[in-house]
Amino acid sequence: MTSWTRKDLVSLRELSSAEIYLILDTARAFKEVLNRPIKKVPSLRGKTVVNLFVEPSTRTRISFELAAKRLSADVVSMESESSSFKKGETLKDTALNLQAMNVDYIILRHSAAGAAQFLSERLKASIINAGDGAHEHPTQGLLDLFTIRERKGNIQGLKVIICGDILFSRVARSNIWALTKSGAEVTLVGPKTLVPEDFRGLGVKIEYDLDKVLPAADVVMLLRIQHERQRQVMFPSVGEYISLFGLTKNRFQKCKSDVLIMHPGPINRGVEVDSELADGLNSVILEQVTNGIAIRMAVLYLLGGGKGPQELVS
Amino acid sequence: MTSWTRKDLVSLRELSSAEIYLILDTARAFKEVLNRPIKKVPSLRGKTVVNLFVEPSTRTRISFELAAKRLSADVVSMESESSSFKKGETLKDTALNLQAMNVDYIILRHSAAGAAQFLSERLKASIINAGDGAHEHPTQGLLDLFTIRERKGNIQGLKVIICGDILFSRVARSNIWALTKSGAEVTLVGPKTLVPEDFRGLGVKIEYDLDKVLPAADVVMLLRIQHERQRQVMFPSVGEYISLFGLTKNRFQKCKSDVLIMHPGPINRGVEVDSELADGLNSVILEQVTNGIAIRMAVLYLLGGGKGPQELVS
Amino acid sequence: MTSWTRKDLVSLRELSSAEIYLILDTARAFKEVLNRPIKKVPSLRGKTVVNLFVEPSTRTRISFELAAKRLSADVVSMESESSSFKKGETLKDTALNLQAMNVDYIILRHSAAGAAQFLSERLKASIINAGDGAHEHPTQGLLDLFTIRERKGNIQGLKVIICGDILFSRVARSNIWALTKSGAEVTLVGPKTLVPEDFRGLGVKIEYDLDKVLPAADVVMLLRIQHERQRQVMFPSVGEYISLFGLTKNRFQKCKSDVLIMHPGPINRGVEVDSELADGLNSVILEQVTNGIAIRMAVLYLLGGGKGPQELVS
Numbered sequence: 491m492t493s494w495t496r497k498d499l500v501s502l503r504e505l506s507s508a509e510i511y512l513i514l515d516t517a518r519a520f521k522e523v524l525n526r527p528i529k530k531v532p533s534l535r536g537k538t539v540v541n542l543f544v545e546p547s548t549r550t551r552i553s554f555e556l557a558a559k560r561l562s563a564d565v566v567s568m569e570s571e572s573s574s575f576k577k578g579e580t581l582k583d584t585a586l587n588l589q590a591m592n593v594d595y596i597i598l599r600h601s602a603a604g605a606a607q608f609l610s611e612r613l614k615a616s617i618i619n620a621g622d623g624a625h626e627h628p629t630q631g632l633l634d635l636f637t638i639r640e641r642k643g644n645i646q647g648l649k650v651i652i653c654g655d656i657l658f659s660r661v662a663r664s665n666i667w668a669l670t671k672s673g674a675e676v677t678l679v680g681p682k683t684l685v686p687e688d689f690r691g692l693g694v695k696i697e698y699d700l701d702k703v704l705p706a707a708d709v710v711m712l713l714r715i716q717h718e719r720q721r722q723v724m725f726p727s728v729g730e731y732i733s734l735f736g737l738t739k740n741r742f743q744k745c746k747s748d749v750l751i752m753h754p755g756p757i758n759r760g761v762e763v764d765s766e767l768a769d770g771l772n773s774v775i776l777e778q779v780t781n782g783i784a785i786r787m788a789v790l791y792l793l794g795g796g797k798g799p800q801e802l803v804s
Numbered sequence: 491m492t493s494w495t496r497k498d499l500v501s502l503r504e505l506s507s508a509e510i511y512l513i514l515d516t517a518r519a520f521k522e523v524l525n526r527p528i529k530k531v532p533s534l535r536g537k538t539v540v541n542l543f544v545e546p547s548t549r550t551r552i553s554f555e556l557a558a559k560r561l562s563a564d565v566v567s568m569e570s571e572s573s574s575f576k577k578g579e580t581l582k583d584t585a586l587n588l589q590a591m592n593v594d595y596i597i598l599r600h601s602a603a604g605a606a607q608f609l610s611e612r613l614k615a616s617i618i619n620a621g622d623g624a625h626e627h628p629t630q631g632l633l634d635l636f637t638i639r640e641r642k643g644n645i646q647g648l649k650v651i652i653c654g655d656i657l658f659s660r661v662a663r664s665n666i667w668a669l670t671k672s673g674a675e676v677t678l679v680g681p682k683t684l685v686p687e688d689f690r691g692l693g694v695k696i697e698y699d700l701d702k703v704l705p706a707a708d709v710v711m712l713l714r715i716q717h718e719r720q721r722q723v724m725f726p727s728v729g730e731y732i733s734l735f736g737l738t739k740n741r742f743q744k745c746k747s748d749v750l751i752m753h754p755g756p757i758n759r760g761v762e763v764d765s766e767l768a769d770g771l772n773s774v775i776l777e778q779v780t781n782g783i784a785i786r787m788a789v790l791y792l793l794g795g796g797k798g799p800q801e802l803v804s
Numbered sequence: 491m492t493s494w495t496r497k498d499l500v501s502l503r504e505l506s507s508a509e510i511y512l513i514l515d516t517a518r519a520f521k522e523v524l525n526r527p528i529k530k531v532p533s534l535r536g537k538t539v540v541n542l543f544v545e546p547s548t549r550t551r552i553s554f555e556l557a558a559k560r561l562s563a564d565v566v567s568m569e570s571e572s573s574s575f576k577k578g579e580t581l582k583d584t585a586l587n588l589q590a591m592n593v594d595y596i597i598l599r600h601s602a603a604g605a606a607q608f609l610s611e612r613l614k615a616s617i618i619n620a621g622d623g624a625h626e627h628p629t630q631g632l633l634d635l636f637t638i639r640e641r642k643g644n645i646q647g648l649k650v651i652i653c654g655d656i657l658f659s660r661v662a663r664s665n666i667w668a669l670t671k672s673g674a675e676v677t678l679v680g681p682k683t684l685v686p687e688d689f690r691g692l693g694v695k696i697e698y699d700l701d702k703v704l705p706a707a708d709v710v711m712l713l714r715i716q717h718e719r720q721r722q723v724m725f726p727s728v729g730e731y732i733s734l735f736g737l738t739k740n741r742f743q744k745c746k747s748d749v750l751i752m753h754p755g756p757i758n759r760g761v762e763v764d765s766e767l768a769d770g771l772n773s774v775i776l777e778q779v780t781n782g783i784a785i786r787m788a789v790l791y792l793l794g795g796g797k798g799p800q801e802l803v804s
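Protein chains in written order, with the numbering used here: chain E, 491 to 804; chain X, 491 to 804; chain H, 491 to 804.
If you're looking for bench data, these hints aren't it; they were derived computationally from the structure.
Treat the hints with care, as some may be off.
No copy is singled out in the list; a pair is fine if it fits within one copy or between any two copies.
[To be verified] Each computed EDC-like pair below joins lysine to aspartate or glutamate, with the alpha-carbon atoms no more than 20 Å apart: (1) Lys530 with Glu730; (2) Lys582 with Asp769; (3) Lys614 with Glu522; (4) Lys614 with Glu640; (5) Lys744 with Glu766; (6) Lys521 with Glu569; (7) Lys746 with Glu687; (8) Lys582 with Asp708; (9) Lys702 with Asp583; (10) Lys614 with Asp769; (11) Lys649 with Glu545; (12) Lys682 with Glu697; (13) Lys744 with Glu545; (14) Lys797 with Glu509; (15) Lys582 with Glu766.
Model the full structure from these sequences, guided by the hints.
Listed below in structure tokens is the structure:
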């Protein structure tokens, strides 16, 4: 049985398959806790978690905050518009200060790829990467893998499409690592400008025609159009995007009847996915959200020295 | 004995008098808790409360937050300037996401009338309306009724003036329901443009001359001048407002000696009410604030399956 | 043995030396708690602490928030951009409202000198001054004194330099009171425009040439250049400031080998102090941050009726 030895969760690239499945199995035990009337366990009582969100994200912050509180940790939040950042303090100094306050975890969202790695090498506190630029968003990759496994039973051999802006997507990168390490057959789909050829080196297929690969897919993961991070030049009009890469009702006719529709949210209804499909039987978009809490509880618990699922069940 | 069966608190219009008094009696038991050195009970341990304030209101948010924490719930706040809203997510999607995080309560403040009703019909979580446009603000109506009852003993037959901007006031609407269901005789007073004739259909009187009705009043409830929500055209100058509808010292001379002066806050000292009167013996403005916590504890407790005051006392 | 009798902590000027050392001794006991795996004690369970930061300061807010949470208090935060302030409510009304919510502590950061004193005279809640204009920042003075005592054993006779913008610094003022009451020999150093002659009346020396006093110093406390609060006219260029008052490597050569380098943070690396020196063996800058939590726990505990260190140890 694998046991957890890392101080930090920076990327899925570096994790072994055994480590990934230790997190997933632990999350399964926590998911059961979330269905109880009292959704709380004392695992992290007296521990302090800081949400250091230099790039704002209410959803991810709240998901981590709820995960930490349900483990009985104390949580404080420090958002991007906070005064110390305005005063020009460096990320390292901010983090060292938090550590000097005997903080146990720093959950970092940052616009620069490598920010979480940078802190992980310099601090004793556990660093959890909650998204660093276009690099990784490991808990998102884990919750997506968890959701697929829960619905499909097994990942090995599954055909998974990741569709959209691959180039700028940390969600895509973390999913690529999680899925390929688990034996899925991943195909990246999107506009040529946003799906670079060299991703083939990661062990995935590339396809620019969604309709060609859609019929065989077991899972279609649609990425959010991130206007914020995209340069104007690379992106077609929204109408053109929908006609080529949107999961419309028409296009959905070609899918397997048990295809899973996934999206990291927040969705642009009618753009990446038809509004009715997003609410339909094939959609697991809200399950992803539910599973996100369980995954984050598992990560916090394991980084804090938790032994694993058998400790929780007994 | 009435017991609580509703999932949500959206409006006072829909509540029976028995339901209203079940909340008030439960709040009385919680008020006693607030006077203890340890102002905390374990009723909502392991439950999660989200303050979803799409329209900001620090006071009301803090009142609900304290009420929830004193019931041992976990509380997270999501304010209007939050990123998901900026990203154009709809209210329904935001709420469904929160529910997917196994949230038990959503306390909603929103600029659109009907927003709380909309969510209550679509979510399993309990929705508490913390103010929706000019529609209702039920916990304010309840805390005002609680305050009057505590001071006057009985509501039946009391003459209550609600003075100011009735047209745009959710506080007025919730108070009208609470007071008329309890047998008070309510008179609305204010500029003609802000006190529409058709409010008579709600079982209240309308009067445009404050001085005419003031001498007989048992309670004078002054509404805040809400520059934010008012259209310029309807409103007189501040000086003119004071001369016609401000509770000045001069005007106070005409009142009964035991008249109650009420205001939902924050007050504009010297506008709706003279500053000394606001701090004087007839003012119960700060008691309203204290009672607001007890009322909100009672509502959270009852929506969460609490049985009522006798359970708390025993 | 001194016992604590004050309701508030407004300034160090008014404290006796015995009171100051009661806080320091209590903080020493709490510092031990912070090194435990479970950094939490139940002292303030059921008590409510409000961070009322009319002038924003993420660091100080988080330090107080962690201190309060580790004492098991409930904490709510009310920041400067909050709506009630926007609505023009006065500080007094905001505070009275918080008190009406049965709040036990108000931690106030405000741009106006005297704001904490103003509230302390009008409220039953305990007021802790977290910085009021250029007046005082008592917990900063206490944590600095704590840090020096921990490293040097004794304050009596120590030569302490406080260098920088004395005129606008509440940190300087609180340190002057803490240090002179403890028998240290304090020398203020900085540009003539920022170190007024009349500070001599506080029992300190004044010197405009840092290099002259540096060799004899046991402690060098560097103040942050506060662009925000400074008027342009009084301040030299940053380059000129560094050349005259920055603790450069060159200048450090002249110091005693065991000199303590202190800074209240956030530091401007390469301005007030050389970046390597800030991270070096003589720097206690991060220890100040750690000790800040212990001091704030001690203050909250004593104002809440705590007996002192012997109660904590037993």
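| Violated constraints from the hint list, given by number and in increasing order | Result: hints 1, 4, 6, 7, 8, 9, 11 and 13 break, sorted rising.
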